[in-house]
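J.: Just so we're aligned, residue 1 is where the sequence shown starts under our numbering, counting upward by one.
Quick caveat, the hints were computed from the structure, so don't treat them as lab data. Treat each hint with caution, since some may be false.
To be verified - Straight-line Cα separation of at most 27 angstroms, DSS-like style, residue types lysine-lysine; simulated pairs:
#1 Lys43 / Lys165
#2 Lys217 / Lys255
#3 Lys151 / Lys215
#4 Lys228 / Lys208
#5 Lys165 / Lys215
#6 Lys210 / Lys199
#7 Lys217 / Lys149
#8 Lys54 / Lys43
#9 Lys149 / Lys199
#10 Lys215 / Lys255
#11 Lys255 / Lys210
#12 Lys208 / Lys255
#13 Lys149 / Lys165
#14 Lys215 / Lys199
#15 Lys43 / Lys151
#16 Lys165 / Lys151
#17 Lys215 / Lys149
#18 Lys43 / Lys149
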Amino acid sequence: MSEGSLPIFLDRLRTIVGPQRYDQVVESFARPDFLSVRINTLKTTRPQMLAKLKERNIAFREVPCLAEALILEGIPREELTRMDLINEGLLYRQSLSSLLPVAVLDPQPGEYVLDLCAAPGSKTTQMAARMNNEGGIVAVEAIRGRYYKLKSVVSQLGAQNVSFKLTDGRRFRCDRLFDRILVDAPCSSESRFRSDQPKTFDYWSPRKIKEMSRKQKGLLLHASRLLKPGGVLVYSTCTFAPEENEAVVDWLIRKTQGALEAVPVNLDGILSYPALREWQGRVFVPQVCCSFRVLPHEGREGFFIAKFRKVI
1 MSEGSLPIFL DRLRTIVGPQ RYDQVVESFA RPDFLSVRIN TLKTTRPQML AKLKERNIAF
61 REVPCLAEAL ILEGIPREEL TRMDLINEGL LYRQSLSSLL PVAVLDPQPG EYVLDLCAAP
121 GSKTTQMAAR MNNEGGIVAV EAIRGRYYKL KSVVSQLGAQ NVSFKLTDGR RFRCDRLFDR
181 ILVDAPCSSE SRFRSDQPKT FDYWSPRKIK EMSRKQKGLL LHASRLLKPG GVLVYSTCTF
241 APEENEAVVD WLIRKTQGAL EAVPVNLDGI LSYPALREWQ GRVFVPQVCC SFRVLPHEGR
301 EGFFIAKFRK VI
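All chains, please: the whole structure from these sequences, using the hints.
T.: As structure tokens, then:
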């Protein structure tokens, strides 16, 4: 981020989150994330894992609305990477907010599911666990290095119902339609900015936001065409930018002309703030308000989640 871009970013942020939340959000850029993990139920059970942690005197906290998530306490981050529980795939390091899109998608055993932006595999394997390795998941990734990382994570965590495709999600082709689709899209990643890590915000600019918005629209429109009637599509980003969030949802609803309807996203116990009704003079369709903005709070990064059902 150039020196001149910082005031632009902060002015935008104040407008997006509101003056009453602004200081809390800015402070989140300086706070370390919680050491959160997902219990990999493809290799263990929740009771077994809780027992293992207690045996080792590892303190943990449970997480509302996410039964598979834990916050570990009193463990240095570098020690976590050496733990056998991680290396054997029984636990997987995953941020709390990134667990939410799959919870909203709610894939079921036996369904046919598409993960259109799948690397590094955290959400793909979370889906497989929720599906008990039954049914099928197609995991798509456009970048070769990330594609091989995806395959490695899926193998390590024991997800056996996953097939892979190395291609741009906007050009992915399939001869059957999907029950559920996740588009956890590439974005400007504003909620992951860290004040002590300049590399996290070096590439931010208004131009970057426009570039991401174009890509996100292409991914979502293509996903809508791959979805069965009655199927569910979930869209998520880790940015605050309305151009990548509400404006994309507004565009998709208008573009699909009634083929998709927005479904309210409800996540009990997760601190949120309202989706924007307008941005920079553009008024959004009322369905945009079904979307969910996660407020950075207690180790959770900001996130945006929207859910759609295909009507026709």
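J.: All hints are to be evaluated individually against the structure, with a verdict given for each.
T.: Against the structure, the hints come out as follows:
1. Restraint check for Lys43 and Lys165: satisfied, since their Cα atoms lie roughly 25 angstroms apart, inside the 27 angstroms limit.
2. Restraint check for Lys217 and Lys255: the C-alpha separation of about 10 angstroms stays at or below 27 angstroms, so the hint holds.
3. Taking the CA atoms of Lys151 and Lys215, the gap is about 24 angstroms. The hint holds against a cut of 27 angstroms.
4. Restraint check for Lys228 and Lys208: not satisfied, since their Cα atoms lie roughly 32 angstroms apart, outside the 27 angstroms limit.
5. For the proposed pair Lys165 and Lys215, the alpha carbon gap of about 18 angstroms is at most 27 angstroms, so the pair holds.
6. The straight-line distance between the Cα atoms of Lys210 and Lys199 is roughly 20 angstroms, inside the 27 angstroms bound, and the hint therefore holds.
7. For the proposed pair Lys217 and Lys149, the alpha carbon gap of about 26 angstroms is at most 27 angstroms, so the pair holds.
8. With a C-alpha separation of about 18 angstroms, the suggested pairing of Lys54 with Lys43 holds against the 27 angstroms cut-off.
9. For the hint linking Lys149 to Lys199, the alpha-carbon distance of about 21 angstroms falls within 27 angstroms, and the restraint holds.
10. For the suggested pair Lys215 and Lys255, the alpha carbons sit about 15 angstroms apart, so the restraint of at most 27 angstroms is met.
11. The straight-line distance between the Cα atoms of Lys255 and Lys210 is roughly 18 angstroms, inside the 27 angstroms bound, and the hint therefore holds.
12. Proximity of Lys208 to Lys255 is assessed by CA-CA distance (about 23 angstroms); at most 27 angstroms being required, the pair is judged to hold.
13. Restraint check for Lys149 and Lys165: satisfied, since their Cα atoms lie roughly 13 angstroms apart, inside the 27 angstroms limit.
14. Distance check on the hinted pair: Lys215 and Lys199 sit about 22 angstroms apart at the alpha-carbon level, within 27 angstroms; holds.
15. For the hint pairing Lys43 with Lys151, the CA-to-CA distance comes to about 17 angstroms; that is within 27 angstroms, so the pair holds.
16. This hinted pair checks out: Lys165 and Lys151 have alpha carbons roughly 10 angstroms apart, not beyond 27 angstroms.
17. Restraint check: the Cα-Cα separation between Lys215 and Lys149 comes to about 22 angstroms, which is no more than 27 angstroms; the hinted pair holds.
18. As the CA atoms of Lys43 and Lys149 are separated by approximately 20 angstroms, the hinted pair is consistent with the 27 angstroms bound.
Against the hints set out earlier in the document, a violation occurs for number 4 only.
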